[in-house]
Structures are given as C-alpha cells and as structure tokens.
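Asker: Sequence:
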Amino acid sequence: MNNDKQNIRILLIGAGGYGKGYVDALCGAAGAGHAPYRVAGAVEPSREARAYAAERNIPLFDDAGAFYKDNGAELAIISTPIHLHFAQIIECLKNGSNVLCEKPLCVTLAEAREIERASAEAGRFVRVGYQLSFSTSVLALKNDILNGAFGKPHILKTIVHYPRGSAYYARNNWAGRKRTADGRLVLDSPLHNAVSHHINNMLFVLGGAADAAAAPLSVQAELYRGNPDVDNYDTAALRCEMENGAQILFYTSHSMPRSDNAGPICQYRFERASVVHTDEREHETFLAMMDDGTTRLYMPDGAGQMRKLWDCLEAARGGPLPPSGVSAAAQEVLCVNGAQLSHPIVTIPEEYIERTGEPGDRYTEVDGLERILFDCFNRNLLPSELEGGVRPPWTKAGKVVSAGDIRGFGFDTL
1 MNNDKQNIRI LLIGAGGYGK GYVDALCGAA GAGHAPYRVA GAVEPSREAR
51 AYAAERNIPL FDDAGAFYKD NGAELAIIST PIHLHFAQII ECLKNGSNVL
101 CEKPLCVTLA EAREIERASA EAGRFVRVGY QLSFSTSVLA LKNDILNGAF
151 GKPHILKTIV HYPRGSAYYA RNNWAGRKRT ADGRLVLDSP LHNAVSHHIN
201 NMLFVLGGAA DAAAAPLSVQ AELYRGNPDV DNYDTAALRC EMENGAQILF
251 YTSHSMPRSD NAGPICQYRF ERASVVHTDE REHETFLAMM DDGTTRLYMP
301 DGAGQMRKLW DCLEAARGGP LPPSGVSAAA QEVLCVNGAQ LSHPIVTIPE
351 EYIERTGEPG DRYTEVDGLE RILFDCFNRN LLPSELEGGV RPPWTKAGKV
401 VSAGDIRGFG FDTL
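First residue of the sequence shown? That's 1 in my numbering, and the numbers climb one at a time after it.
Do not rely on the hints blindly, as some may be mistaken.
[Said to hold, decoys possible] Calculated lysine-lysine pairs in the DSSO-like style (CA-CA distance at most 27 angstroms, straight line):
#1 Lys399 x Lys178
#2 Lys152 x Lys396
#3 Lys20 x Lys94
#4 Lys20 x Lys69
#5 Lys94 x Lys69
[Claimed, not checked] Distance windows between CB atoms, simulated:
#6 Gly360 x Gly65: 31 to 41 angstroms
#7 Thr294 x Lys152: 13 to 23 angstroms
#8 Tyr352 x Arg117: 40 to 50 angstroms
#9 Pro393 x Gly304: 38 to 48 angstroms
#10 Gly304 x Asp182: 45 to 55 angstroms
#11 Gly360 x Gly404: 39 to 49 angstroms
#12 Asn71 x Gly408: 56 to 66 angstroms
#13 Glu121 x His154: 35 to 45 angstroms
Honestly, the hints are just simulated from the structure, not real lab data. Here a beta-carbon is modelled for each residue, glycine too, at the ideal position from N, C-alpha and C.
Whole structure, please, built from the sequences with the hints as guidance.
Answerer: Quick look at the structure:
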C-alpha cells in the first residue's frame, strides 16, 4: 500500500539500452517540475546496467516477482526485448501497476487481445511508447485531420532506411530473428522494431478518434533478406488498404550502405492537401500544404521523447489518459503479422550483395536497392510491380491477406 498517494512509485523493468534513457530522465534534472515520484526498483540482468542504476540509488531486483513480493508500484515502465513484453505487462497489471511499455506492444494479435482484457480486468492502463503519438505536433495534426481540414485521406506513405551491421544482430539472441535461440516467437524486423514508430504514426493519424489508430482491412507485403546474418527479413515493402478508404505504403531496409540513413520521408496525401515531414533530424515536424496555397506548420513543443513518461506519470496520479493505448498500438501488430503471412521471405541472391566494413561489424549493401525502393515510393508500387528491366529479378509478389485471416492465425508453425 502506498501511504503517500502523491508520491508515485515507479518500477523499471529494463534499465539498460533504451531503458537507460528512463533512468537518466527520472534521476536527472528532467524530473523537476513533474508530479512527485520515486523509483522504487529496477529489474535488470546486465551487470553494467545494474551498476548504473545502483549508482543512482535505485533498488535492484532479479525479477518483477521479487519486487512485487514486498513492494508496489503505480507505474511500471518496460524496456525489454519484444518477446518479453506480453508476460511482463500481464504480471505488472496483476500486481496493480499501470504500464508504459516500449514499442512495439507485443508479438501477435492474440497477445494484444489478452493484454487488453487483462488491462480492463485490473482497472489499470497500458500505454505503448510510440513517441510520435504523444507529440503535441502530431496530436495537433491529427486533430485537424479529424476535423476534416484536409478532406478525405488518399495515400499515406513513408520511406526510411536505417543501416545495421553484423554487430547489431550479434548483440543478443533475438535480433533479426523469427524466434529466439530458445524458441520463443519474436518476429524482430525493421517493421517491428527500429522503424515501427513510423508505420504506427500513419495508422495513428488516420484513427477515427483522438486515441485511436485506423484498422487495416488488408495487408500486402514483400519481405527480403539481404544480410546473411538475418533469420527474418531486413528489407520490406508494405501496402495496407484501410477501413476509411485510404492506402498506406511503407518502405524500409537495413541492408543499405553504412552512411545511408535515409528518411524518414513522409508524404501524406489528402483530398485537399499534402502533409510532409520536413526535417529528417526532427521526427515530430510536419507541414501541411493546402491546395489553395495556404500552409500549416506543426512543430513539437520541445518536450522530446520523454513526454510519454511524464504523461503516463500524470495519468498514474489520476490525470487524463494519454493516447497510444493497446487498441491503437495493436494495429501495428496487425500490419507486422499480416506482412509475415503475405510473403515468404526471399533471400536476395549473392551476386547482388556486397559486404563492407570491419570484421565484427560488416554491413550488407544490396546493389540498386536504394533506387528500387525510392522508385516504388515515388510510384506507389511494391518492388514486384515495377515493369520491364527496372524490376529486379529476385522480387516476388506477396498475396493480399485480410484482417480476418490475420486475426485468426496462431503463428505456432512460423
């Protein structure tokens, strides 16, 4: 029992990697001016991360069960590998904690449905750390979309390349894999990890309510493997037909030259306006260009990626619930699950592959891939739909998978 209701107790599950950002925010100057809180404990296996937390006087526990045995927390923050999210969210809810979980929500739609049920049963909220969904600029843009300022949505598309070398995939037992080394489903990929917030943003801004994301009616994908270190795919092109008549297109790859961090480049076309992302270094800035010549600029307020933390802290005190709940975040899971069902992963032939870099951190470069994906982006196509000599010989069309088929698939044999 927390005798001081104003002093919110926080449990950190994961204090290394991205979780270190939460440690720094909560234990640094950024916490000043926010609701009173204390970090009641941290669960973290890494020796280095445990030492970092201990230096900041955070009590350490081997697992969440050990923490909850004699402690409680109004807010649990989960920054752990994808395949651990589901069980950890459920455990925190059962122990009375609200939850802020880092992206993505979980691995499958079945897990998302169970999380939603458990959240309702516990009377506690679950929010997912898609930073764009908490941004004041994105929320203002979404509000104008909801109010019909741009007319009906037509095509929303994004392209983004984040090169990743062999060190990225060797850092744990699940990076780039369908399953972990001990057999647990993870479905790690660019879509479901590094760039998931960009596809989630297109789903989110099209949602029919302030806290909702649009639901795809169908998913069609093309999934390719350029890097031989990867078990799952490292390159993807995706098309989603949406319930509101719009179409979402997304292109991404990790098999790019080391210096080629392209994008995100976002182009959202509506009936009466085009919305573009204006600064590759600042993901929260958007410009709407109306067909009548007027413009609207949407800029962040400077709160940064940790706005999600402070908004969830206020909500744990009884304040307003922020967006990015389970139902909204589950639409990204639907897209990722649909992509896996749409297209068998195609390994790009060796003659198109070049390996660069130093031993221990080799990068994969697929010949012409940047041009191919940008050509698709500009023409609203998937790679197999390119014509004649422009179409790479290694491409293969994916089937259109309905949302109903995705929801009914168990992934047991994947």
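Asker: If a hint holds in the structure, say so; if it doesn't, say that too.
Answerer: Against the structure, the hints:
1. Of the supplied pair hints, the one linking lysine 399 and lysine 178 holds, its CA atoms being roughly 20 angstroms apart against a limit of 27 angstroms.
2. Taking the CA atoms of lysine 152 and lysine 396, the gap is about 32 angstroms. The hint is violated against a cut of 27 angstroms.
3. A C-alpha spacing of about 25 angstroms is found between lysine 20 and lysine 94, which places the hinted pair at or below 27 angstroms, so the restraint holds.
4. Between lysine 20 and lysine 69 the alpha-carbon distance is near 25 angstroms, which keeps this suggested pair within the 27 angstroms criterion.
5. As the CA atoms of lysine 94 and lysine 69 are separated by approximately 12 angstroms, the hinted pair is consistent with the 27 angstroms bound.
6. Look at glycine 360 against glycine 65: about 37 angstroms separates their beta carbons, and that is inside 31 to 41 angstroms.
7. The beta-carbon spacing between threonine 294 and lysine 152, approximately 19 angstroms, falls within the hinted interval of 13 to 23 angstroms.
8. Taking 40 to 50 angstroms as the suggested C-beta distance range, the pair tyrosine 352 and arginine 117 conforms, at roughly 46 angstroms.
9. The hint said 38 to 48 angstroms for the Cβ distance between proline 393 and glycine 304, and at roughly 45 angstroms that hint holds.
10. Under the hint 45 to 55 angstroms, the C-beta atoms of glycine 304 and aspartate 182, about 36 angstroms apart, miss the expected range.
11. Look at glycine 360 against glycine 404: about 45 angstroms separates their beta carbons, and that is inside 39 to 49 angstroms.
12. For the pair asparagine 71 and glycine 408, the supplied restraint of 56 to 66 angstroms is violated, since their beta-carbon distance comes to about 40 angstroms.
13. Judged by the Cβ atoms, the range 35 to 45 angstroms given for glutamate 121 and histidine 154 holds: they are separated by roughly 40 angstroms.
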